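*Asks:* Those protein sequence lines, which keep their order, are chains A, B, C, D and E.
Here the numbering used here is used: the first residue of the first sequence is 188, the next is one more, and so on.
Here the numbering used here is used: the first residue of the second sequence is 91, the next is one more, and so on.
Here the numbering used here is used: the first residue of the third sequence is 15, the next is one more, and so on.
Here the numbering used here is used: the first residue of the fourth sequence is 3, the next is one more, and so on.
Here the numbering used here is used: the first residue of the fifth sequence is -2, the next is one more, and so on.
Hints were generated in silico from the structure; no laboratory data involved.
Accuracy of the hints is not assured; some may be wrong.
[As the list claims (entries may be wrong)] With a straight-line Cα cutoff of 25 Å, these simulated DSS-like cross-link-like pairs (lysine-lysine) come out:
| id | chain 1 | residue 1 | chain 2 | residue 2 |
| --- | --- | --- | --- | --- |
| 1 | E | K303 | C | K381 |
| 2 | E | K206 | E | K495 |
| 3 | D | K398 | D | K474 |
| 4 | D | K322 | D | K398 |
| 5 | D | K554 | D | K399 |
| 6 | D | K169 | E | K449 |
| 7 | D | K31 | E | K113 |
| 8 | C | K49 | C | K462 |
| 9 | D | K398 | D | K552 |
| 10 | B | K179 | A | K315 |
| 11 | E | K113 | D | K34 |
| 12 | A | K233 | B | K179 |
| 13 | E | K449 | E | K374 |
| 14 | E | K449 | E | K461 |
| 15 | D | K399 | D | K67 |
| 16 | E | K206 | C | K381 |
| 17 | E | K303 | D | K169 |
| 18 | E | K461 | E | K278 |
| 19 | D | K169 | E | K113 |
| 20 | D | K554 | C | K310 |
| 21 | D | K399 | D | K322 |
| 22 | E | K461 | E | K26 |
| 23 | E | K374 | D | K31 |
| 24 | A | K315 | C | K288 |
[Unchecked claim] Per label pair, the in silico range of CB-to-CB distance:
| id | chain 1 | residue 1 | chain 2 | residue 2 | range |
| --- | --- | --- | --- | --- | --- |
| 25 | D | W614 | B | R177 | 37 to 43 Å |
| 26 | D | L609 | C | P451 | 28 to 34 Å |
| 27 | D | I613 | E | M211 | 32 to 38 Å |
| 28 | E | V465 | D | S74 | 24 to 30 Å |
This structure is a prediction, so every number in the text was calculated from the model and none was measured.
Where is the CB? At the ideal position from N, CA and C, for every residue including glycine.
Here is what each chain is made of, one letter per residue.
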Amino acid sequence: MFPNLSIPGLQMPDLPFAFPMGGMDLAFYAVAIVMLITAVFTVAVKNILQSAVFLIFSFVATAILYMLLHAEFIALAQVMVYVGGVVIFVVFTILLTSRLGEDAFTTKIPRVFAAFALSIAFVFVMVKCILPTPEIASGTVSAATDYSSLENISLRLLGYDVSGFIIPFEVVSVLLLMTLICAITVARRSKDEMEPNPKEVK
Amino acid sequence: MNLLNCLVLAFLLFGIGVWGLMRRRHLIGMLISIELMLNAANINFISFAYFTAHDATAGALFSIFVIAVTACEMAIALAIIVTMYRRHKSLDADQLRDLHD
Amino acid sequence: MFDFNIPGFIVPDILLLIFPFIVIGSRLFCSAQSKVPWRIANIGFIAIFVLLNLIPIATGEGRFFITNWRVDDFGVLMREVLMVSAILGIWFAKDYFEHGADGKPQMHQIAEFIGAIAFATFGGFTVVSACDMLTLFLGLEIATIPMYALTAWNKKDQLGSEAATKYILMGSVATAFELFGFSYLYGFAGSLHFSEIQAAVATGTSPLLWVAVLFLFCGIGFKLTLFPFYTWAPDVYEGAPTPVTAVLSVTSKATAIAFLAVLVFGPLQPVIDKINPLIALLAGTTLFVGNLGALKQSRLRRFMAYSSIAQAGYIMVALLGPEATAKTAIIYYLFVYAVSNYLAFFIFGIIGHHREETFASLRGLSKQDVNLAIALAISMFSLAGIPPLAGFFGKFHLFFCGAANGHYMLVAFAVLNNVLALFYYIQLIKSAWVDEPDGHLTPLRLTKRQRGVIILLSVMVVILGFLPFLSNNVFAGFNF
Amino acid sequence: MINDTTLGYLILILPFLTFAINGLFLGNKNAKAAAGLAVTFNGLAFASAAMVAFHYFTSVVAPQKVVLFDHSFIPFAGELVARIGMLIDPLSVMMLVVVTFISFMVNIYSIGYMREDRAMGRFFALLSLFSFSMLGLVVATNLFQMFIFWELVGVSSYLLIGFWYHKPSAVSASKQAFILTRFADSFFLLGIVLVSYVVGSFDFTTINSLTMFPFRNETIDMGICVMSKSSALILGSILIFTGGWGKSAMFPMHIWLPNAMEGPTPVSSIIHSATMVVAGVYLVARLFPFFAVCGDSLTLIMWVGAFTMVFAAVIACTQKDIKRILAYSTLSQLGYMMFALGACKIGQAIITTGWTASTFHIFTHAFFKCSLFLIAGSLIHQVHTNDLDAMGGLRKKMPLTYACALISIFAISGIPPFSGFFSKDEIILAAFQGQHYAVFALALLTSGLTTFYMFRLFFLAFHGEPRHEGVKAGHVHEDFFMTLPVVILAIPALLSGILGKGLFEHFFTPGKLHVPTMLKLAHAEWIPFVAIGVAVLALLIAWFLYASPKAKIQRALDDTNRCGIYKIIYHKFYFDEMYYTVVRQFIFGGVARVSRAFNDYVIEGLLAFSIWFIHKLGDLVRTAQAGYLPFYLGTLIVGVLIWRFFGQLPL
Amino acid sequence: MDILLFNLIWVIPLLTVLVCIPIPASHAKLLRGLHTASASAVLLMVCYLAYRVFMLSGTPASDAASPLVLRFLTDIPWLTMFNAHYIVGADGLNILLLALTAFIVWGGVLVSYNIKGNQKVFFALIQLLATSVYGVYMSFDLVLFFVFYEMEALCMYLMIACYGSGRRDYGGKKLTLTLAFGSSMILATLFGLYFESGANSWNLIEIAKTTIPMEFQMWAFPLMFMGFAVSSSLFPFHFWSPDGHSAAPTAVSMLAAGVMMKMGAYGCLRVAMFLMPEAAKVWLPYVVALLIFNVVLGPFIALRHKDLKYITAYSSISHLGLIFLGLAAMTPVGLRGASLQMISHGFLTGLFFATIGMIYERTHTRDITEMGGIMRKMPFLGVGFVIAGFAGLGLPGFSGFIAESNIFIGAFQQESTLTRIVTILAILSITTTAVYILQTANRMLHGPLPQKYEGLTDGCFREKLVIVVLVACLLFIGVCPGPFADLLDQSIAPIFAKISAATQPVTSGIGG
């Protein structure tokens, strides 16, 4: 029923990894490598502003990955919210808080390596955890190609039945509103912050 | 391309996020790393939805919500960091040591 | 189709949802120092609490609103606990908006403050009402995000913003863990609905499930301050404004444990035996570490942080029991814990308004105001779990749950740790009762409201233990 | 008509009432009333005892046992019931009479002696408490009752020795007396527990009618070793004897008795000479058939008695404190009684001469020794010192006292026809008949020593020139209340031997014995003459040294140039010092120090260590909480790893 | 009517506290009067009830199936969440302990008239403590029992730390925490009893009807026994008692040593041994080894101390060791001896601490080397102390002797080697007891009077009354132990029956 987009003939049954072949695979690996490299740059570059820029690339690569996975709407959201919203917000904050985003803090080399070792260990351990799962390495795809079409998503999002997500949809609106209020309250400079409060002095 | 590849990719991204989190001293740098980690989780959702889940749309939906929530968290975090910057005039995580035992 | 006949059991939730807007809106019409928002909040919260009490409990599966908003007896009682925490929280917070305390400046924007607390409470409501992982996740976020903001509420306070920074950075990592957990659970079951996940779990397991469990527990471990994810708690408790600390220690914890209870007794029910060792280990290590950390503290709020870490460990023990008992125990304990904790915070608040919030400031309290000292002793002994105070019965119930499934070793360990806990609670009582004051004591002035609340809470701590009050809601006889 | 049971109750209740009324109500403020009450009630008790004795000896049941009453006190298990009762047999009747009589006399005497004391009421109360306890002891029907009153006797002795509690020496003497006897009593109690466990009863009748055969093949685990029950019984008998050993101040537990002379003299006279100290002898006599089946213990008893007899007599020869001489003489006489009981054993056979002699000696000794103490008290009361240095020449000032003293000293020296002669002669005869010739020789030797030191005392106190200012000045006189009992006591001291001999030989046998009794006994008619000869010789030596015109009394009293042996003897073989070192320093000092160190350093140390350790763990937790954000974030990551590996999830 | 009265025993102290709440602390006289009246009322009630129990003895219990013959049984569902009931009842053992408590509480209230500090709080705490002790002895539901058992910790610390002397904080903390440590061990096993017994009930009587699995008993019994033994200061958990007692004010020492320390032994007998007799048979012969410290070395340590309260505390340690010896005997005589010793030692040590407190109030020191000859100035108190001493060293005529003889005879009937050795050592160490008691009495009361004590006065009427009543109790039991033995035998019989019915054979009865 669902088209199998990978090429089964070239799969090596012994290996848990599918051998990279075919257009989709090549595209995937290309995207993955780009994503990882930009991510590494994101965390490794010294300048925080550059880091933010690399983050944009990483996010865009992720969006491309989503498109490979037939989740076009999500890819769109990713680009719009992350790239268009969050990262810009980050950049503004950087510009607001430091002189042209120059990272004044240097990290000592041992700490860099310790952090690296920890993260490597973490990834290694976790990947090892999921490896034994039987169905995980098969290239079968269960989803319909339109699983994340706008229509499907909105039908589910506003559905009242058991499988509908109207409740989270309403709830997330509360969340957003609350964030708005909280963020404004926290971030704004109150009037008395400018000049010392007479009560406080007393 | 299969599920495992995607999951490993997500973990690698998460790992890079962890690395950044630990090696950065700049608070915003840390936040950026956290963004990477959250992004990794999102990749997971989509991969599962695409490859195995029988209710694939739900996964996609979840990732939309994750994007929204992440944005909210970022907003608050940046607000707090701005406040913090006004007080401390610094964004060095290592200098946040007024509170300790 | 949309049913315009809103069922009664949903009314409190909806009220709470629209409530923050009324409070914040009321600010537009009055001055910054006005008490109107606070009064409105007071009336509203109490009204919600009373309405919650009107819902008869013990109706089995629970009732559903739009098929995915579940109101069962656990949910109702949990809501009540959260409301109690919210009411006591705003009562407690009131004074901090009038003058500074413990070296921290006066707080501002009470309406927004109350709104944030209401939102956090609503987050808790969402968690206990969730039927799918998405709602659960959102509930948890709604309960958490206002806490970040509340911690940084005192913008002029350096420590507050530091605490908030630490809190939100670590909290975001924990959210990432949680998302990983959810994603794997989704990957395992292929669905977000609890019933379907439960069915999938019942048919068979896979590493994906266990990775999901691991990440979920680690993520929620942060919010519940489990070992070793508790590190934020002492700093945040100390740095945050005192009323926020109080709310944090009750509401946030209640939400987190409710989250775990919903998960463990919901989708993960079929594999609960396999998770039990993890729960037991988390409980054991947490209560031990919490108790150890509290041993040599000198600042009251940091002390309370460790104490609440230990309490989180104790409360985890309940998850090991059979579902019905465990849920009762959790609710009961949270209720008792809320009351005792707030009693302690009220007293610390009074001290804090005049002096620093340290052990040393408690000196001579018994000579200065013996009733306050008695109330302090009551709350401390209750937290330590000494009968006949309510804290004992709460802990007894928790241990009863743990023992019901044969976890005697853990129960014995937890009970032994109680001695350690008693040690540091006694340290505090000693400061108030035994130590001589350093010099002249600034007189303590209690407002009528403070006095009333302290008496009310003390009496509750004393008598709650004796009363089997959880068999039904207080006003449930009206059955609307 | 009052029957015997009522009289029996009266004998016990009257002294107790005196104690209760004096102690609770009259007290020191109504001293005269207290004294009157004490004398009256004790007199009545004596009268009752006399009537009981008269009824008993004139009745047909005479040598048999009669139980006047026997109330259950606490039932333990089965037959093992502690009872409080009143056993009447010749032995207990004799003791009843002796105790009540002496008590009556001493009470009269105390009116005079304690006249100036502030705490006279207390004195009379305690004296009556003692009488009550002693009476309870002698009429005991079972071991448990005996132990109860045994302890009460001990405590009244303690209270009376320490009567003048502001005197440190009195206080320490009382403590020593109580602790030493208590030490012995602990073995006594162990013996009671052991014997009652094996036998299943406390009752004297049951215990005295035991035979060993049923116990041969049963074993009992005594902790350190497993032994047969018959051996356990022998061990039990020795343990029980240990109680008497301490109470009768046999060597080496004798040291408390001379020190106990720190108490008021009436106390010394009733408790530490006439009645309480013979309780040990009484105990052995009471349980004699039991001891007889536990054969070996009798040999022990004999040697303990014999050694104490000589040992004490030797020390008595050198002492200068008049009361201490009498105390050592008491020890020596107790040794006589004790060894006489032990000497009843010949191989596996038992003769009863020694038993009769011993009980007879209890009887006679009570009178003359009490009398001697009262006389000593009179002297002390006049010259205000115990020291013979300060006496001398009192013959003329106190003629009645002098006469009575002479009678009593003749009695103790065994000069016929005074009472002591008859009983002591019988004891020596018993040793001879028992074929214990070494002990026999020792007894003869001690007889001579006794005569010597008693006459030494007599001559130094009454003869010669007055050495005391008060005596010289003529302040000395005889007090009526103090002289009357002395005079009354002189009568039995003189006559009880002659009159009692027949009575004792007729009625006094230890009861049914379960060992073959040897029928043929050697009748050595020459023994009395040898004994008298030794006594007279000793008397002459004493006269030559201390009373003859040539005697150098000053030199005799001078301590400075003494040879080594005399010095050692004078210092009582340094026994007090040895005790002090061993008991105080080593046992109580050492063990106590070690146990306290164990407690304070080991136990408390472990406690402190665990607290320290927990605090260190707490510090560890707090160290982690350094406020360092990267570290905190690291804990999150590491936490996941921790629970992945240790969370016991099936990964 | 009797049932109501019986339930009022623990309610009255609590009500007194409530009544006193509105009275300001400055009305000390009124407060004292109220508390004295309430304590006296409870005392009279308990005495009457003890008499009633005595008169009822022999009549069967209302519930024929019950292994215990209980009077005034009350059973009300209480905390339905975990199936706890409010069950109280009386038998010979606990009614006597209740009476003991009533006497000591009454004495404690009377001796505290001059306590310094906030009297209102102090008396309220005493009454709370009384409630807890009454409750422990009355309750037959394990939850109720435990609630009352642990309640003491709440009062103890405050009373010692606020009203005590010397190292009061240290002593109070040590006492409270050690006791809490003990009760935590008990609590852990209580749950096991509930679930493992299969009775699914906290009712002691119901649990007693079941047989608890041996594997559970084997670890639960030592835990529970030691937990209880902590409060009876069994080695090695005795360390709290000297420091605690010495720091505590008079009334608290009286209550702590007099009644609270008995709660542990009572729990050992009533809960641990009664419910888990099989394990008791396995473990108790080894537990006696610990008694070598309590019974044999305890008196020696007392000998080395100069502080009166330390001496008395170590004396208590050794006397409580004897209780355990009686328990470990597991024979009717031994158990009865142990119960008698609980009661006897309660009165005895109450008297001890009362007199020490009164003397301390006057001399302001408890160091016996600093005292001397105060018998002359305070004959009444001195005699009281001496009597307490004599009772303590087991002098016939006082209750201590009765108890000790029962214990010795009972323990000798237990044929395990270790028990035999310890019994022999225990009998022999009565000498050491005598040594330290006489040494103390002599140093303190006798000898020359120091100049500074010339102005001392003897006890007032109130103090004399306390001493007289306690001495009378000691004497009453000592002189006429029959009724007490009868009462105790009735309540011990079912316990012993359970022990002797346990599968593993245990020696009993008399040899020969």
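*Asks:* Of the numbered hints stated previously, which ones are contradicted by the structure, given in increasing order?
*Replies:* 1, 7, 10, 11, 15, 16, 18, 19, 20
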